[in-house]
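*Asks:* Please model the complete structure; the sequences and the hints are all you need to start from.
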Amino acid sequence: ILNVEQSPQSLHVQEGDSTNFTCSFPSSNFYALHWYRWETAKSPEALFVMTLNGDEKKKGRISATLNTKEGYSYLYIKGSQPEDSATYLCALPGGATNKLIFGTGTLLAVQP
Amino acid sequence: NAGVTQTPKFQVLKTGQSMTLQCAQDMNHNSMYWYRQDPGMGLRLIYYSASEGTTDKGEVPNGYNVSRLNKREFSLRLESAAPSQTSVYFCASSETQRTEAFFGQGTRLTVV
Chain A
1 ILNVEQSPQS LHVQEGDSTN FTCSFPSSNF YALHWYRWET AKSPEALFVM
51 TLNGDEKKKG RISATLNTKE GYSYLYIKGS QPEDSATYLC ALPGGATNKL
101 IFGTGTLLAV QP
Chain B
113 NAGVTQTPKF QVLKTGQSMT LQCAQDMNHN SMYWYRQDPG MGLRLIYYSA
163 SEGTTDKGEV PNGYNVSRLN KREFSLRLES AAPSQTSVYF CASSETQRTE
213 AFFGQGTRLT VV
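One line per chain: the protein sequences are A and B, in this order.
Just so we're aligned, residue 1 is where the first sequence starts under the working numbering, counting upward by one.
Just so we're aligned, residue 113 is where the second sequence starts under the working numbering, counting upward by one.
To be clear, the hints were calculated from the coordinates, so they are not data collected in a lab.
Remember, predicted model here, so these are calculated numbers, not experimental data.
You may find that some hints are simply not true.
As the list claims (entries may be wrong) - Output of the computed footprint for chain B on chain A, the stretches with three or more beta carbons under 8 Å from beta carbons of chain B:
| # | segment |
| --- | --- |
| 1 | 26-35 |
| 2 | 46-59 |
| 3 | 63-72 |
| 4 | 100-106 |
Just so it is clear, CB atoms sit at the ideal spot from N, CA and C, and this is done for glycine as well.
*Replies:* Pasting the structure below:
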C-alpha cells in the first residue's frame, strides 16, 4: 500500500498568518496527487488534482505546488481566515489498480 | 444534483449483527470507494471498485465485504459487527484517478 505522509499533524495560527503544509510520497510510479479540504462534520471536498511535475494550482488564497521527482507537494494558504480552519488531506492513486490512498491530514486551526 | 448518496446516516448495531451500507452516485463515475474515518487516522480505504463487477481490497478490508451491483451502486456489508468497526464511513466516487473524488455525507456507525 502506498505510503502518503503529511506534516505537520496540526497547526495553530493567528488570523492573517500565511501557512503551508507538506505531503510526501514515493517518487516512483507517480500518477496524480489530490488535495482535499475537510471541515468538521462535513464531507471532504476537492481543492486540486495535479498530474505534472512543476504543476502549480491556485484557488483564491490557497495554492499548491508539485515536485514529482523528489516526491512532495506543498499547500499554501495566504492570509489565513477562521473559515480556513479544517483538516487538509492529500491523496494519491497507488497499487496495481490505482486505488486512492489518503494521508492522515494536517489539522489547521485559525484563531481570530 | 444528488451526487453521492449514502444510507443510512446513523446506525447503532449490537455486536454480531449484520448490516449493509448503501451508496449510489449519479455522475456516471467508474471508480467507487469505501473509507472509514477514525480519530488521528485520516481516511483509510476499505474497498475500491474500478468498474462494475470489479472490487479490490484497500488498507483495512478485514470484516467487510462489498458488492458493485451496477455502475451506480457500491454497497458495504458488515457480516458480524464488532466494536472495532465503530467509525464514520464515507463512500466516494470519481471518473478516473486523475479527477477529483466526490464524497457522500457519511454514515456514523456505533457497534455496542
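*Asks:* Each hint: holds or not?
*Replies:* Going through the hints against the structure:
| no. | hint | result |
| --- | --- | --- |
| 1 | 26-35 | holds (count 3) |
| 2 | 46-59 | holds (count 3) |
| 3 | 63-72 | violated (count 0) |
| 4 | 100-106 | holds (count 6) |
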